[in-house]
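Number of protein chains: 2
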Amino acid sequence: MTPPRGSLILVPNTLDFGIAGEVSDIRDVLPATVIRTAARLTHWVAENAKTTRAFLKRVDAVEPLAQSLQTLSIVELPRPQKGARAAPAADLSRLLAPALQGTDLGLISEAGLPAVADPGAALVQAAHAAAIRVVALSGPSSLLLALAASGLNGQSFAFVGYLPIEGTERGARIRELEALSRRAGQTQLMIETPYRNEALLGALLAHLQPTTRLSVSCGLTTVAAFTRTDTVQGWKAAPTALPSDVPAVFALLAA
Amino acid sequence: MTPPRGSLILVPNTLDFGIAGEVSDIRDVLPATVIRTAARLTHWVAENAKTTRAFLKRVDAVEPLAQSLQTLSIVELPRPQKGARAAPAADLSRLLAPALQGTDLGLISEAGLPAVADPGAALVQAAHAAAIRVVALSGPSSLLLALAASGLNGQSFAFVGYLPIEGTERGARIRELEALSRRAGQTQLMIETPYRNEALLGALLAHLQPTTRLSVSCGLTTVAAFTRTDTVQGWKAAPTALPSDVPAVFALLAA
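Protein chains in written order, with the working numbering: chain Z, 36 to 290; chain C, 36 to 290.
Hints may be right or wrong, so weigh each one.
[What the hints assert, rightly or not] Here are some of the chain C residues that sit facing chain Z, going by a computed Cβ distance under 7 Å:
| id | residue |
| --- | --- |
| 1 | 45 |
| 2 | 62 |
| 3 | 148 |
| 4 | 151 |
| 5 | 156 |
| 6 | 159 |
| 7 | 163 |
| 8 | 169 |
| 9 | 171 |
| 10 | 175 |
| 11 | 176 |
| 12 | 184 |
| 13 | 196 |
| 14 | 264 |
Note that these hints are calculated values from the structure, not bench results. Predicted, not measured: the structure shown is a model, and the values here were computed from it. A virtual CB, placed ideally from N, CA and C, is assigned to each residue, including glycine.
All chains, full assembly: derive it from the sequences and hints.
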């Protein structure tokens with residue numbers, strides 16, 4: 036007889052990864068279910084084992100862990116080979132072994148929801164293929180908070196990840212996204228590595244039409260959080276400097 | 036001298052709106068900041084005043100409201116005229132009056148994050164135009180939870196709202212979304228009124244290619260939550276009946 040399977044539980048992390056300053060109480064941004072679940076899980080698959088241990092220390096401070104941190108199993112997601120879209124399937128089945136043997140397994144990334152703008156989707160896919168129940172717990176998502184705070188169209192939107200870095204390609208992609216936004220009335224969301232925030236803002240202002248609305252959200256859920264939405268014209272007339280050490284979400288909607 | 040302005044605070048609601056059965060403890064799904072903020076706000080703009088009062092009763096049970104429910108100001112968002120995309124700007128400025136006079140103003144919808152797959156974006160836009168600070172608080176989003184739990188591409192995705200109801204148009208739209216998904220490798224997310232869940236599933240299975248992956252999530256964050264992801268072929272070989280009284284999120288990714 037097959038033993039009952041454990042679930043794959045997607046555990047959200049806070050959004051203050053890598054942001055200097057006071058570490059907030061995780062209860063401020065994570066619901067009680069998340070903290071309770073994180074405290075009881077003994078097996079984890081993580082984007083990064085070190086930041087997962089840091090997260091679990093914060094959990095332990097408000098809800099004691101079921102087992103000491105040292106005895107927990109924390110396995111890192113395999114990084115896909117350069118150029119490959121996903122890790123080999125064999126690796127993923129190995130990671131799911133605890134769930135196949137009846138133990139709930141947590142999946143966590145460095146910030147926000149796992150498998151959204153982050154690695155992990157291939158593992159979730161492998162879980163579905165193995166008939167392992169997948170449970171996503173509610174937590175902060177910088178993308179959706181930025182979208183809500185932008186005032187841009189929240190009834191139709193797309194997240195397109197990172198833009199190309201090379202100037203000509205980047206300009207072409209920006210114009211392509213603006214055309215798509217105009218045609219479908221769809222808000223286009225993108226992210227950038229923090230030290231390139233200013234460069235992306237500059238490229239957007241250089242290539243977008245004056246009437247297109249552009250929203251930038253920085254450091255959401257932290258004390259430094261801000262969202263500015265204005266036309267490209269308005270941004271140019273009154274520039275805002277962006278921090279180079281805080282993640283930002285950029286959103287555009289063509290007029 | 037102008038008085039300091041209040042902020043427009045986007046307050047997430049739970050996802051169990053209209054779902055029969057036990058009402059869970061809101062602390063299970065909402066972080067402490069949300070509950071604390073909701074308890075202190077005296078002025079609200081709401082998708083629906085009645086469900087806002089029900090939400091505030093649940094808040095009051097775990098964190099006493101600063102003022103009695105009867106004395107709170109709760110104003111409903113104007114519904115756009117049939118055919119119009121938005122409410123008149125004058126109405127929106129009127130709603131923002133408390134913030135202009137220095138009082139924080141809450142915006143809340145019937146479920147999930149306001150202004151995402153829900154009304155409210157026009158008010159947020161008016162707030163930006165009036166230099167009112169906009170703060171989005173973290174809460175559950177059925178769209179992002181469904182995306183995370185689907186195992187489909189979370190690095191590129193789009194939410195397209197509702198599909199046309201009429202059969203021919205609906206079929207054409209489904210094929211268009213599948214082509215878009217194939218071309219851009221982009222997960223396409225959509226929602227439906229619960230009593231039409233089965234009809235939308237039937238249309239998706241009728242029009243999508245056998246190898247396209249389809250994910251359906253129902254009742255996320257409630258006890259009845261489930262997510263199934265399979266190829267169209269797999270869904271056809273082993274059908275799952277969908278509930279007609281629980282909101283579902285549908286996601287597709289072409290092979």
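Results of checking the hints against the structure:
{"no.": "1", "hint": "45", "in the structure": "5 Å, holds"}
{"no.": "2", "hint": "62", "in the structure": "5 Å, holds"}
{"no.": "3", "hint": "148", "in the structure": "5 Å, holds"}
{"no.": "4", "hint": "151", "in the structure": "4 Å, holds"}
{"no.": "5", "hint": "156", "in the structure": "5 Å, holds"}
{"no.": "6", "hint": "159", "in the structure": "3 Å, holds"}
{"no.": "7", "hint": "163", "in the structure": "4 Å, holds"}
{"no.": "8", "hint": "169", "in the structure": "5 Å, holds"}
{"no.": "9", "hint": "171", "in the structure": "4 Å, holds"}
{"no.": "10", "hint": "175", "in the structure": "4 Å, holds"}
{"no.": "11", "hint": "176", "in the structure": "5 Å, holds"}
{"no.": "12", "hint": "184", "in the structure": "4 Å, holds"}
{"no.": "13", "hint": "196", "in the structure": "5 Å, holds"}
{"no.": "14", "hint": "264", "in the structure": "4 Å, holds"}
Figure legend: structure checked against the earlier numbered hints; every hint is met.
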